[in-house]
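Enquirer: What follows is the residue order along each chain.
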Amino acid sequence: MVKMPDINTIGKPNWCPGCGDFGILLALKGAVVELNIEPENIVIVSGIGCSGKVPHWIRTYGLHGIHGRVLPVAAATKLANHELTVFGVGGDGDGYGIGMCHFIHAMRRNIDMTYIVHNNMIYGLTTGQTSPTSEKGMRTKSTPSGVIEVPVNPIALAISSGATFVARSFAGDVKHLQKTIVAAVKHRGFSLVDVFQPCVSFNNINTYDWYKQRVYDLETVGHNPQDKMAAFVRSQEWGEKIPIGVFYKVVSPTYEDELPQIKEMPLVKQGIDKVDISKLMEDFV
Amino acid sequence: MEKNRLTWKVGGKAGEGIMATGIIFSQSCSRGGLHVFDINEYPSLIKGGHNTIQVRVEDREIFSQVKNVNVLIALNKETILLHRDELAKGGGIIYDISEAIEKKEFREDIRLYPVPFNNIIKEIGAQAIMKNNLALGASIALIDYDFEILAGVIKDTFKRKGEKVISDNISAAKAGYDYIKKNFPDDFDYRLEKIGTPGKMLLTGNDAISMGAIKAGCKFYSAYPMTPASSLLHFMAAQERRFNIVVKHTEDEISAINMAIGAGFTGVRAMCGTSGGGFCLMSEGYGLAGMIEVPIVVVVAMRPGPSTGMPTWSEQGDFKFVLGASQGDFPRPVLVPGDNEECFYMTAEAFNIAEKYQTPVIILTDKYLAESHKTTEKFDAGRITIERGVYATPEALAASPGNTFFKRYKLTGNGISPRTIPGMKKGIYTATSDEHDEEGTITEEIEERIEMMQKRMKKLETLAKELNQPELAGPRDADVTIIAAGSTKGPIKEAMIELEKERVRTNYLQILYLNPFPAEKVASVIDSAKKTVVVENNFTGQLADIIREKTGRNVTRRILKYDGRPFYPEEIRDSIKEVAAHG
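If you're matching them up, the sequences are chains R and W in order. Our numbering numbers the first residue of the first sequence as 1 and each following residue consecutively. Our numbering numbers the first residue of the second sequence as 286 and each following residue consecutively.
Note that these hints are calculated values from the structure, not bench results. A couple of the hints might just be wrong.
Said to hold, decoys possible - Okay, derived cross-link-like pairs now, DSS-like style, lysine-lysine, Cα gap no bigger than 25 angstroms in a straight line:
#1 Lys279/R - Lys444/W
#2 Lys269/R - Lys641/W
#3 Lys692/W - Lys3/R
#4 Lys663/W - Lys274/R
#5 Lys186/R - Lys710/W
#6 Lys710/W - Lys12/R
#7 Lys711/W - Lys12/R
#8 Lys279/R - Lys663/W
#9 Lys274/R - Lys641/W
#10 Lys692/W - Lys12/R
#11 Lys816/W - Lys740/W
#12 Lys269/R - Lys710/W
#13 Lys711/W - Lys269/R
#14 Lys3/R - Lys711/W
#15 Lys466/W - Lys407/W
#16 Lys279/R - Lys440/W
#17 Lys446/W - Lys279/R
Stated by the list, open to error - To list a few chain R residues with every Cβ distance to chain W over 12 angstroms, as calculated:
#18 Met1
#19 Asn224
#20 Glu240
As the structure is a computational prediction, the values presented were derived from the model and not from experiment. From the three backbone atoms N, C-alpha and C, an ideal C-beta is built for every residue, glycine too.
Chain W on its own, in the form it takes in the complex (with noise of 0.2 angstroms):
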């Protein structure tokens, strides 16, 4: 038997309330003090396709998802037709009993588990929507574990709905998982069991990046709705008045951004998120709060290209876009978060970065990283500071003339003005998209521009010398160093576990500013290293051609994907084997 080490799937028509009931199985094992990752697959529409959530769940903390399933509860025949083969050795499904199976269809160490779920709803004057929580219900007998927790998340998910929702819902899954203890008592390999009490939180990467804005003072969130990124528009506008933030649906991502500027100018921390084809959108707003100097926020959370490309599936393809977006060279800083925690942290250090810096701040996450839900333990919100940059003294405003446009972008040594803002008597200035002076006022001069755009450029410089250097995790003699930025992460956490049980010694470098660059630190990296391999979710390897153009430096392999779909560890491991045995 095993215990607490298992993979739940469900899967079924979209519209069943699949990823609902994922998330109720994911907070039920991390309300046990388990630990859970999950990931999700879905089409782009609304109803009918084919919907899954996969949900992994063990006693030590997890990373990423794996390949194989323990536990299937298909909705649907198709669930069955698609996902029988990611069974593991006992696996076992939950289906609905009027499903034509048979038993020769499988190979022989499947277990399978017809439940009549239409009889059991009717019986218990349950509605049909129900079914979901049914099979859930039925999974919990399956595996064992505890059904008082599966009951507290259901009250809790269905609290703003009503007493006779929750009861329903709880009956439903409660039928469910009689059935399965009267019929198929003990007839399983795979149980969970709880270990702790709840504590940890169940969070996605955009709810990450959400508290992280608002404990860093954001106070303005400006977004056009956009896979993967429309969650963070969710979060934010859930809590606009618990903690006074406004947040607007725009009608274009142009508006987003060009509102967001907007209230960076007048002084308030402001933010907005979008997808690679907003972000395109955005790229002329982009560049106008690199030239006027206004610091903001924007998120980009990346899916596959190109155009609509595939709207709701993942993929790392956005990294020279954003780096190179908009017309003319600025400081671009681009932070790419990797979990939960970077996802929170980043972000408020992201807001200190564009205020200090007076700069749009890049934040660069995917669909599987901002949608996945990992447990993840509270965050240390006493480690979070407010850095807002320089402001014009009253002294020095005291002693500007008057009759002048103030020196808003004064030539310093750091390339960092003192800020004014609209009310500040003698800080009054204009902010303009063209080239311009000292006072904001328009020139087209050699020495002027030449000295304006060193002073723009000078803060990146700056802000590299700040930025700590990525630190190499793992052993420093390793056969095999992996580099990668960003939802890569886990995944290679997971596959480094497995490289380990099989004496093959790996080490990693994770990037997590692609701009600035850390390219001495990777230099040398590489230059220590016995073999190389980036491994990213794109076509051509963007982070390896970046690594080239800022290093000089060639990498073994470059371990590439781009189906849609994130990197499973074990592929990661497969990779590496291969290039540690051959190079």
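The following block holds chain R by itself, in its conformation from the complex (with noise of 0.2 angstroms):
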């Protein structure tokens, strides 16, 4: 049995006091150790931003990259050892801005793995811009009159681009975020978990009692996540009520799936000392 001591660290998270990115942190340990999985098979990868530094204070796997490549580099990772548990770890500014492209991409591409976005609505690290997410209006150090832009929804976008788990949850109630990181886990193909992140520092806005005041439980109003219209429905509440929970989910082959190169071993158990090419050559004469 995987317990907590097999995967703390000795070194201590330096986020600042209060940050929501405690609550997330705890839960995927709670979910890891929940879900029995070994950590020298989960390979966490993370961005950049405070997010990134999320693989330094879990002991498994991790490749904290840069800023906004977290998913292809988690989606290889999955692709060369498919026994491997794979998460990616990002800012709303490193996977809803920078890596946006990447973002759509990884959905249609239903790879097996858990993406959890740390969502603060402001850019944290970089000592509070305007972040994709950021509501219109929403004055930073970067829109001193103002953000002129509507916000991602990410979502509404993650339903329409193919992932085949979309799931939002909160920082401030652990024991919600660990039971949604564990069924994203347990979900075959992508999963999005995007999590309300309160930035203490630079979001005065989106604090932990707003948010308090608005979440509830899609769970508690029979939201049926097989049904794409009612999760768009759902996904386009904001302002009094705002859902969390899981908005849509549906079963799907996943890449691997279509994969016959590694259907019977992953890639990185397969043997290339003796890679024959003579035929290969044959052809080109």
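Taking the hints as your guide, dock the two standalone chains into a single complex.
Expert: See below:
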């Protein structure tokens, strides 16, 4: 059995006291223990931003890469060894800004992995500029007169882009978040878990209280996650009431399922010492 | 009469099957035991525009194209007008009889062979698109080559398209062949004759790189289409199920290199490929691989820049770019193969270097090498060794404490730390793009930063000791010493043969590694040479600059070309003659 000490690190997180990232890390570690996955068989790929530090504070394999490129690295990790459990971890700037292109394509590929987005609606590590999910009108260092654009809606985008598991949770409700991450990992295919993550230093609008007053669990209203149109309708709810939970879930073949090359064994386990190219060369005579 | 020494060229509009026609001709010659080198020219569009492919054939090994053309197939009038001045004495043009051509428009020695393309196509009930094979058949008759070999190649080329397509194309070629034999019997001075049986391959540099990668156990190839690297993607994709390789056409080059990094980190041999523009997008990922010490191979097939430049043409304008790409200092081995053999063996070598030194390795080519076909002996696959580098031993893993991260970046004498990959118990670590300590934990401490920089850069020194120094080819006491890198190799070798005939003695130092650069060897060669030239396909003389930077030596002359076309041996010959005479 995997226990918390197996994945604890000696170093302690250096996020701002009260940061939503603590809740996400706690839920992620709780999920790993609950799922009982050996830490050496887990890879957590992160990008740049406060969320990028996650693999340093949980003892699994990790790759803390460059800004916005979490998903290509994570996807290829899974393709190279599909026996691993692969997580992508990023922020709203990383995933929905600079990495948006990869986000959409990763979803339509449906590689079996879980993508957790620390969505704090602000750029935290660069000290408070607007993010792709900042609300219209929000004043930040880079938008002193208020954001002109409308925010990205990651949930609606995910449903329409081919993600087969689309959920949202809240860093202030670790129990709900852990349950959501567990469900996401159990789902075969690309799972998005968008997490409301209060940034206590640079976002004084979307605070713990702001979320607590608004979020409600889709489970409590009888939402059917198999119903794609209902999921779309729920994805549009914003304002006084904001849904969290599983919006959409569908069973669909994964990218790996379609590759006979890895049917017998993962790429990484295939021997490379005796590749015979004699017939290949003959093709060119 | 000249036997087994000619250049054949076909030209027409893009979309008329010009390239296919040329490759069928090349393959037909190669199967007859002859040696072939072909070069294509085409604009960046799919229909219309002027396309050519030029095939040189001889009974000895040849290394490049030459200027003079002996047989010109003109599928339109534009081809005649653009290329008639390239014809050698007694050269001939095969063209459609309906073109308004007057004999007096041509040099007297030029032979004209009007063929009623459209009428013949109608008569035999073939399709207009088969005009190219009709003209090809006509040219085979003109040079008196073996029609059955051509028929065999046509059959293999169209085998996936069914019997009807095969027989129609062969009929078209035969009709063209018969027309020339009947109307212009024994009329032409340049002939080809079969001298052997099939045995050699007809390959491009990209084919050779792909074969080298497959033989080396490449399991993952990711790319975004970009000329002239796209054929690597096509080759690898066509072979992915045969050799159990995952090939991914990604959303962009950023994704391509980051995917290769993910696969390399996980423990498989991974490669990505692109041209200069795509490598701009890959640059950040290139540095990531260097920082986290993940082995990957990146093929950069150059084309003329800046920006979109001339997408379907050739240049060596990215020497300095790849050497400096991405921020900061890290080991950047850059391999520069010059022919098909080097493409094959050096690709396998690139994978070994990448894994042994845990760093990204670049294979730098250009359009000329990537896309030109050359008759090539089958590779000696037995020469390829697989060296996967140092992994943490089970004992070392067992001895690691288990409550910390594994010391993946352990400081060692040669800069190389034993690797672990996901799945290895007690080998757990986080690779980070931030500066880090031995365990991969982020650090900004002075001592640790200095140690880690030295560790990474040490790997390049260790590698430099392992690499073979380049050999000087040709006589020691040459009048002129040529230094070059990459695809200029073929034209230089041909120029040297010509210069020898004209009693100008040359020797040639081919740089195979831009980094680590063989500075000592190059310096000693320059010091002992009478005169030195650098031959390169770019504006500023980037290689000559690198030589100066690394050795402090200047060369006598930079022979440069930056019009999008590769060097012709004649150009190199003439420049070197001038240097020999005047300095």
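Enquirer: Would you list, in rising numerical order, the hints stated earlier that this structure does not obey?
Expert: Violated: hint 11 alone.
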